[in-house]
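One letter stands for each residue in the lines below.
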Amino acid sequence: MTLPKGFGSGGAGGASSSDVERMIGKRVENMTGMITISYIAAWLATFGGTAAGYFYYPWAYPTPSGHYAFIVLTIIEAIGYIFCVKVMQEGSNKNSNGVVAATVAGTAVGTVLISMFVGN
Amino acid sequence: MIVTMAQMPALIPKEVEIQRLKKIWLIVIAMGSTAASVEVDNFVDGSLHQTSIRDSAFTPAHWWLYSHFIALPLGWGAAAIYDRKVPVLRGPNNSMNTGLKMTILGYLATMFTIGVNEMWHFWFVEEIFAVPNHWMFNMGVVVAFMGALAYVVRVYARLVELGAETPGENPYVAEMYKMALEGKLYSRAIP
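So the sequence lines, in the order shown, correspond to chains A and B. Residue numbers for the first sequence follow this note's numbering, beginning at 1 and rising by one. Residue numbers for the second sequence follow this note's numbering, beginning at 1 and rising by one.
Treat the hints as calculated values from the structure; they're not laboratory data. Some hints could be false.
[Unchecked claim] In silico contact screen, one side only, chain A against chain B (beta carbon under 10 angstroms); selected entries:
1) 19
2) 29
3) 44
4) 46
5) 47
6) 54
7) 57
8) 59
9) 65
10) 66
11) 69
12) 81
13) 84
14) 94
Glycine included, every Cβ here is placed at the ideal spot set by N, Cα and C.
Starting from the given sequences, assemble the full structure and let the hints guide the process.
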């Protein structure tokens with residue numbers, strides 16, 4: 001197999017396991033932390049966006065409408081988050097079900113609390 | 001280390017290819033969530049237009065709507081740059097993937113139509129869906145979606161081919177995957 005310059009042993013033989021690891025870089029099953037931070041950032045941005053609506057344009061964008069959008073979007077984002085982590089870890093020995101459950105539960109509780117107490 | 005096109009290998013180890021395809025899949029899932037959220041925004045924007053008839057580009061529903069026009073091209077751009085590292089995703093003559101080319105052509109048609117549409121609305125103010133100036137919007141978006149779908153199916157079929165994903169339990173779905181892997185489900189122009 002022809003490997004890029006710098007990989008392999010000078011033309012003879014194929015890729016060694018250390019070559020394969022170098023070509024891979026950060027493995028997808030180890031990206032749970034980054035994916036979780038992205039999900040939480042997206043959830044906070046969703047809160048910010050809907051809050052901007054009902055705080056700055058209350059005549060046009062009523063609070064219940066903003067909360068409704070916030071709840072539906074949180075569900076969509078949570079589905080995407082679960083897909084990301086599960087697809088990245090399938091077939092590997094990694095398992096981050098606890099992190100995913102805690103994060104989704106946290107945002108679910110946060111969404112309910114925000115919907116009950118913010119902007120009303 | 002920078003690897004230029006000429007140095008890119010035609011074959012890469014299976015493990016490397018699965019990892020790279022899954023990184024592309026991460027981008028695809030993120031863009032799918034973004035697209036789904038904009039479907040919600042269709043209702044939010046519609047509701048806002050019913051309440052506040054006089055519109056501006058700077059309503060929350062429009063921030064949301066217009067920012068996805070920036071987020072999705074950035075996401076597809078990242079996919080297009082990164083997928084050079086996956087040989088099976090290259091188009092003919094080492095060019096860009098055919099599905100991504102179709103997507104770009106479709107959205108170029110849509111962008112051109114923005115000008116046509118503005119010119120039309122200079123004389124005709126009404127917003128009837130079926131007027132000719134809107135046709136190319138819809139045709140362009142459909143071509144773009146077809147290309148994106150071809151790309152996403154290609155990535156997924158390759159993951160199935162590598163054994164990283166399991167085909168559907170439904171025999172009809174499994175048959176569809178088999179045909180896709182044999183190149184009978186979509187154009188052979190996609191390598």
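Problem set entry | Hint numbers contradicted by this structure | Violated: hints 3, 5, 14.
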